[in-house]
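My request is simple: use the sequences and hints to build the entire structure.
Residue numbers (this note's numbering), protein chains in the order written: chain A, 5 to 372; chain B, 5 to 372; chain C, 5 to 372; chain D, 5 to 372.
The set of hints was computed from the structure by calculation and includes no laboratory data. Being a predicted model, the structure only gives us computed values, none of them experimental. Be a bit skeptical, because a hint or two may be false.
The list cannot tell twin chains apart, which means a pair is met if one copy fits it or any two copies do.
[Claimed, not checked] Here are the computed lysine to any residue pairs in the SDA-like style, where the Cα-Cα straight-line distance is at most 20 Å:
| no. | residue 1 | residue 2 |
| --- | --- | --- |
| 1 | 317 | 166 |
| 2 | 103 | 288 |
| 3 | 313 | 187 |
| 4 | 103 | 287 |
| 5 | 233 | 87 |
| 6 | 136 | 148 |
| 7 | 132 | 349 |
| 8 | 313 | 170 |
There are 4 protein chains.
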Amino acid sequence: MRNLLFFLLMAFVTGAASAQDGPRRNITVPDIPGYHTLKGDFHMHTVFSDGLVWPTLRVIEAWQEGLDVIALTDHVEYQPFKSDVNNDRNRPHAIAEQKAAELGILLIRGGEITRKMPPGHSNALFLKDVNKLDTTNWQDAFAEAKSQGAFVFWNHPGWKAQQPDTTKWFDEHTRLLEQGMIQGIEIVNYMEYYPEAFAWALEKNLTILGNSDIHGSIYQEYDAKSGLKRPVTLVFARERSAEGVKSALKEGNTAVLFNGNLYGRQEWLKALFGACVGQEVNAAASGSEQHSIFLTNYSDIDFRLIPGKDAMKNHLIYPLDLPAHSTIALSVTPRQLGGPGKLSLPLGFTVDNMFVAPGKKLEVIVRF
Amino acid sequence: MRNLLFFLLMAFVTGAASAQDGPRRNITVPDIPGYHTLKGDFHMHTVFSDGLVWPTLRVIEAWQEGLDVIALTDHVEYQPFKSDVNNDRNRPHAIAEQKAAELGILLIRGGEITRKMPPGHSNALFLKDVNKLDTTNWQDAFAEAKSQGAFVFWNHPGWKAQQPDTTKWFDEHTRLLEQGMIQGIEIVNYMEYYPEAFAWALEKNLTILGNSDIHGSIYQEYDAKSGLKRPVTLVFARERSAEGVKSALKEGNTAVLFNGNLYGRQEWLKALFGACVGQEVNAAASGSEQHSIFLTNYSDIDFRLIPGKDAMKNHLIYPLDLPAHSTIALSVTPRQLGGPGKLSLPLGFTVDNMFVAPGKKLEVIVRF
Amino acid sequence: MRNLLFFLLMAFVTGAASAQDGPRRNITVPDIPGYHTLKGDFHMHTVFSDGLVWPTLRVIEAWQEGLDVIALTDHVEYQPFKSDVNNDRNRPHAIAEQKAAELGILLIRGGEITRKMPPGHSNALFLKDVNKLDTTNWQDAFAEAKSQGAFVFWNHPGWKAQQPDTTKWFDEHTRLLEQGMIQGIEIVNYMEYYPEAFAWALEKNLTILGNSDIHGSIYQEYDAKSGLKRPVTLVFARERSAEGVKSALKEGNTAVLFNGNLYGRQEWLKALFGACVGQEVNAAASGSEQHSIFLTNYSDIDFRLIPGKDAMKNHLIYPLDLPAHSTIALSVTPRQLGGPGKLSLPLGFTVDNMFVAPGKKLEVIVRF
Amino acid sequence: MRNLLFFLLMAFVTGAASAQDGPRRNITVPDIPGYHTLKGDFHMHTVFSDGLVWPTLRVIEAWQEGLDVIALTDHVEYQPFKSDVNNDRNRPHAIAEQKAAELGILLIRGGEITRKMPPGHSNALFLKDVNKLDTTNWQDAFAEAKSQGAFVFWNHPGWKAQQPDTTKWFDEHTRLLEQGMIQGIEIVNYMEYYPEAFAWALEKNLTILGNSDIHGSIYQEYDAKSGLKRPVTLVFARERSAEGVKSALKEGNTAVLFNGNLYGRQEWLKALFGACVGQEVNAAASGSEQHSIFLTNYSDIDFRLIPGKDAMKNHLIYPLDLPAHSTIALSVTPRQLGGPGKLSLPLGFTVDNMFVAPGKKLEVIVRF
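Structure follows, in structure tokens:
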């Protein structure tokens with residue numbers, strides 16, 4: 005009914021106003037020095053391939069979830085609903101464009117090259133004409149994407165339906181890489197994380213992405229209006245525009261946020277942690293015998309700090325939970341490390357939910 | 005990706021298995037003596053009119069939310085997406101049928117007769133051919149629905165876009181009622197409750213309904229996977245089948261559950277409360293000087309009991325919250341009402357969230 | 005076990021460190037120009053009267069809930085546990101002081117003068133010696149509080165146990181007021197709001213307070229770690245100190261936040277709304293024919309804006325939900341009010357959850 | 005205020021009634037054939053040692069959380085608040101008894117023997133006089149507990165404050181075991197699970213327990229009114245009484261529920277899974293080519309089933325989430341295992357959150 009109301013008003017009435025798309029729940033993941041931290045999802049389906057929603061709903065979902073940038077990436081070669089739905093592959097983007105402008109969502113034109121393994125599925129972003137990727141040979145589709153200036157990444161490299169037993173890098177991928185036809189890789193897709201893909205990305209200098217590959221409605225698949233369970237590709241962009249996103253993706257300025265964990269190159273995660281967590285002296289409880297501090301998390305991300313050896317020696321033996329928008333109070337008696345004269349006591353922690361490589365967590369220093 | 009996986013498996017593989025539609029969150033609203041308590045929504049849109057989802061998604065949403073019966077009721081006269089989507093009005097039901105069978109959801113074929121006021125919008129259920137309702141005069145559409153044996157109800161009678169200042173019953177509605185062309189009325193639509201419509205229903209013997217009129221995704225519109233915020237038409241049916249639902253609707257055996265409140269005729273709500281809430285003696289705390297009982301809510305509905313005068317005289321002066329699946333302990337010293345010899349002390353309460361008429365709450369007796 | 009650990013470490017070990025009190029969940033209610041917005045609760049009980057927790061637990065609860073200032077106000081005349089617990093009325097504050105310093109919670113020494121109606125119960129804050137309030141006549145207790153420089157307020161004036169049928173202002177209260185022995189009044193206590201008390205406060209220039217009067221544990225009584233359901237007295241203080249709080253209370257610089265609603269004098273609520281909600285132009289969707297804006301709520305409070313007549317004329321006919329940390333997009337076509345040349349279109353709304361007097365809501369202007 | 009109200013009413017008024025302790029949130033963990041499944045916590049502190057709450061609050065918390073049986077187990081040798089609080093070790097139980105009777109909570113008299121390692125801390129339940137355990141030598145305390153007929157278990161054997169680097173079984177424990185002075189062991193305490201302790205329990209035939217060891221308020225420590233995050237000792241008792249609990253503990257009829265996981269001997273967990281999860285045929289979707297079933301979880305526990313090899317061969321390749329009170333639909337085409345004639349297809353799964361030994365999960369069969 006809500007929808008119809010506004011169609012009617014737009015059509016028949018002299019003045020119109022609206023807040024029809026509901027509130028956007030802003031996700032607080034702070035900017036880092038020199039960059040906007042944009043929240044993106046670059047893998048989504050609509051009824052124009054095998055998704056179950058209309059293109060505009062993807063924009064409204066993105067708005068409500070607090071995303072900044074999305075791409076509709078329907079399968080180029082697979083349209084199971086085509087007896088009922090137009091199969092022009094440029095339609096989803098065209099239909100969604102106006103709503104995206106209204107809501108300030110950056111909308112990237114894309115498509116999914118859907119082939120059997122190798123090379124499997126890949127998404128091409130920043131396309132000019134998606135229909136031209138419907139080629140007989142997959143090699144031609146990648147060449148066409150390149151000629152349109154696309155940014156291309158390998159989707160769900162560990163997907164069991166295509167690689168039931170192993171997660172393998174094929175010669176075909178090497179060739180695509182050498183020809184400049186693939187620049188990124190999903191290390192998270194839907195609800196799965198692929199450590200092998202993360203390792204390849206670091207080794208071969210591929211941009212990492214984490215996307216939902218959503219077919220149904222986003223709220224149905226991921227629990228309850230939380231922006232931190234579903235995968236998000238964090239894009240560190242010098243400007244908030246489609247061009248800014250393209251440059252950031254091509255330069256590899258990304259990290260992945262999924263199910264409360266962050267994955268990314270060390271330099272980005274370190275900057276991000278610094279922007280999320282601050283500290284101040286607790287003067288009332290500090291003195292010559294005790295250094296006391298407050299540690300505050302300004303972000304929507306829950307952090308957990310695991311004490312290193314020095315911290316444990318100072319009896320910080322339990323993990324420190326630092327949930328979103330919370331503060332913890334910490335104090336140490338620095339006698340063991342040199343006595344009351346010591347001006348600063350640096351203690352090492354690892355951040356339990358920040359991964360700078362498969363199995364390797366970010367290390368940070370807290371100074372008392 | 006999930007969707008595609010199963011398409012592929014179905015097509016190419018020798019054996020197939022699935023739990024692809026996710027878990028159904030069962031809503032506990034108990035059956036009442038002689039009847040199944042079915043949870044229904046009889047007003048939903050898809051991309052075949054101005055909804056934003058594919059027909060099968062409505063079935064999957066219903067499954068996940070714990071509904072038993074739904075109807076897809078796209079606008080007969082309004083298809084804004086028809087340049088991209090087939091405008092055969094029988095398609096949504098046909099597309100959704102197989103998924104409904106797989107998941108055990110009762111699917112009713114319907115359509116929304118979408119006219120200006122009077123008579124406004126009405127839903128026709130149990131149609132045989134929806135296309136035939138696309139007539140020039142609205143009177144012919146209602147006549148066609150009747151000839152197909154439909155159950156017809158007036159939608160959102162208090163909708164501000166059609167009745168901005170008043171909620172009015174028109175002569176046209178009287179005529180439809182007299183001709184047997186309208187049998188029910190929405191007293192709740194989307195997020196609004198219309199007390200006037202509830203009063204008309206009681207006065208004119210119309211079946212009451214509460215429906216979502218959903219256009220977007222259900223989880224996007226109603227908070228977080230709760231079956232009790234969104235409107236549900238409770239159908240008290242002698243059998244769990246489309247026929248059982250049709251009989252129940254024609255006989256007026258319904259109640260409406262919306263935003264934690266229940267609306268319905270006294271006999272149904274009384275039976276439902278009796279099925280939801282039970283009591284037992286707390287022997288350990290009862291004696292000649294004190295009667296103690298436990299009151300248990302076996303349902304997913306939160307109840308709140310407001311003490312009547314006798315209860316207040318016994319110092320039960322505060323409202324009693326009895327949330328879903330909880331127990332409260334109550335005790336009274338019945339001296340004032342006749343001393344320790346008295347075998348039973350009946351105290352009156354009103355149920356704060358059960359409405360048997362506009363502004364009138366169900367009264368219940370608790371015996372100590 | 006956690007507690008014991010730290011007792012042991014403090015006692016026997018050379019260096020100690022801790023985050024033992026868990027994270028503080030920061031509540032975002034912004035400061036207003038010239039003032040800190042402190043979150044306070046000035047009515048709490050411990051095992052030293054009829055409360056069920058130890059004094060330090062009140063401090064830890066306050067820390068975890070994001071409060072800035074609390075007072076332990078055990079009954080002066082009522083100690084049901086005194087056969088097991090010390091009945092020196094200054095002990096609760098003394099016991100809690102160190103933990104308050106560690107966690108940066110402002111702790112005010114107080115007590116509850118607990119007499120039958122009139123004048124009922126009153127809290128005295130900023131006391132020097134609570135024991136001296138244990139007098140035979142209630143008048144002497146108030147005189148003693150005054151001589152100690154206390155700030156005194158009337159507790160739960162509408163409490164049914166003392167005023168079952170009416171909420172009445174007695175001559176005794178007039179006399180206390182005239183003698184400068186009462187300066188404030190609770191308009192919210194535990195889970196009840198007293199509109200009569202709010203009216204008296206405005207009329208007689210009393211400081212308004214909303215307090216929990218907590219006896220059990222705070223999380224047990226109020227749902228799930230939410231700082232917005234339980235009553236909070238917002239104190240607008242020129243400095244973050246006990247002195248700053250005392251001045252603010254004496255000057256009447258307060259508002260009450262309870263169950264998502266705000267109560268207070270118009271000037272404070274207007275300033276607070278201005279600090280919570282900001283707006284920016286949506287350039288992408290604005291043009292000569294349409295003014296579009298984003299409205300953002302930077303606070304933890306959910307707001308709801310009800311359109312006034314002008315807004316409705318511009319088809320903003322539905323209430324606007326603006327939940328915590330969300331943004332809504334609004335647009336109007338200002339043709340009716342003077343055409344495209346018009347530079348600004350002010351539309352009036354009332355804020356549904358901000359009360360500047362009983363039954364009277366704050367009015368705000370949104371400029372397009 | 006609520007508390008005081010009822011004290012006043014009890015004292016001065018002729019008739020009294022109450023629901024003052026709030027609603028009990030019933031936890032659905034079904035009974036198993038021949039046994040009641042009681043939910044217990046046998047390790048709790050009050051202000052009579054180093055806990056921060058009054059004894060009655062522990063009973064009210066247990067009621068609200070849906071527990072059936074608890075023990076207050078204050079430290080026998082450690083009373084940091086004794087300058088303010090009575091140090092008779094029998095007082096906590098005596099104070100809490102009446103409230104336990106009112107609410108139907110089974111209350112077990114206990115105490116914590118608090119010694120340095122070895123043998124560390126142990127709880128003694130079903131004591132007659134707790135004061136007598138205050139002996140100079142720890143051996144005498146255990147002998148006294150035995151002479152009172154107590155059930156004794158080793159607490160938090162992996163506690164880092166006592167065993168920072170290793171989790172070790174000492175000769176002293178062997179001797180206690182041989183002398184019949186220790187019959188159980190905590191495999192979960194507060195927020196930690198000790199796999200070593202679970203292994204010892206299975207090897208040495210000790211009863212397993214999981215307890216909160218709560219010092220603060222239970223809702224403060226464990227998130228938000230959930231009965232499944234905090235440790236619960238499930239006691240399979242032939243009768244719902246203190247005697248029934250004692251027999252069950254002595255016979256080892258327990259399992260531990262903690263943070264969504266279950267730990268226990270295979271026979272108990274198998275029976276429990278059978279009581280929680282049922283299945284029925286989905287007739288509408290079954291035929292000669294496909295077997296379809298519904299699997300329903302009737303409990304408050306979320307289960308997750310991991311397909312075994314046969315299940316994977318039938319393309320059940322993803323884990324099956326079966327949350328509390330949900331149903332999933334499953335279907336297989338059993339061609340590979342013998343064709344359409346086959347009447348039943350048993351497929352193996354492991355239950356991801358049920359542990360029958362450290363690192364070993366329960367295996368179950370689903371029949372299609």
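Hints, one by one, checked against the model:
1. Proximity of residue 317 and residue 166 under a CA criterion of 20 Å is satisfied inter-copy only: 15 Å between copies versus 49 Å inside one chain copy.
2. Within a single copy, residue 103 and residue 288 get their C-alpha atoms only as close as 53 Å, which misses the 20 Å cut-off; across copies the closest is 11 Å, which meets it.
3. Within a single copy, residue 313 and residue 187 get their C-alpha atoms no closer than 40 Å, and across copies no closer than 37 Å, so neither meets the 20 Å cut-off.
4. In this assembly of identical chains, the alpha carbons of residue 103 and residue 287 lie at most 20 Å apart only when taken from different copies (14 Å versus 51 Å within one copy).
5. Neither within a single protomer nor between protomers do residue 233 and residue 87 lie at most 20 Å apart by alpha-carbon distance, with minima of 35 Å and 37 Å respectively.
6. In this homomeric assembly, residue 136 and residue 148 come within 20 Å of each other (Cα to Cα) only inside a single copy, at 7 Å, whereas the closest approach across copies is 47 Å.
7. Taking identical chains as interchangeable, the C-alpha atoms of residue 132 and residue 349 are never at most 20 Å apart, the minima being 56 Å within one chain and 40 Å between chains.
8. Taking the closest pair of Cα atoms, residue 313 and residue 170 come within 20 Å of each other only across two copies (16 Å); inside a single copy the shortest separation is 37 Å, beyond that limit.
Comparing the model with each numbered hint stated earlier shows that hints 3, 5, 7 do not hold.
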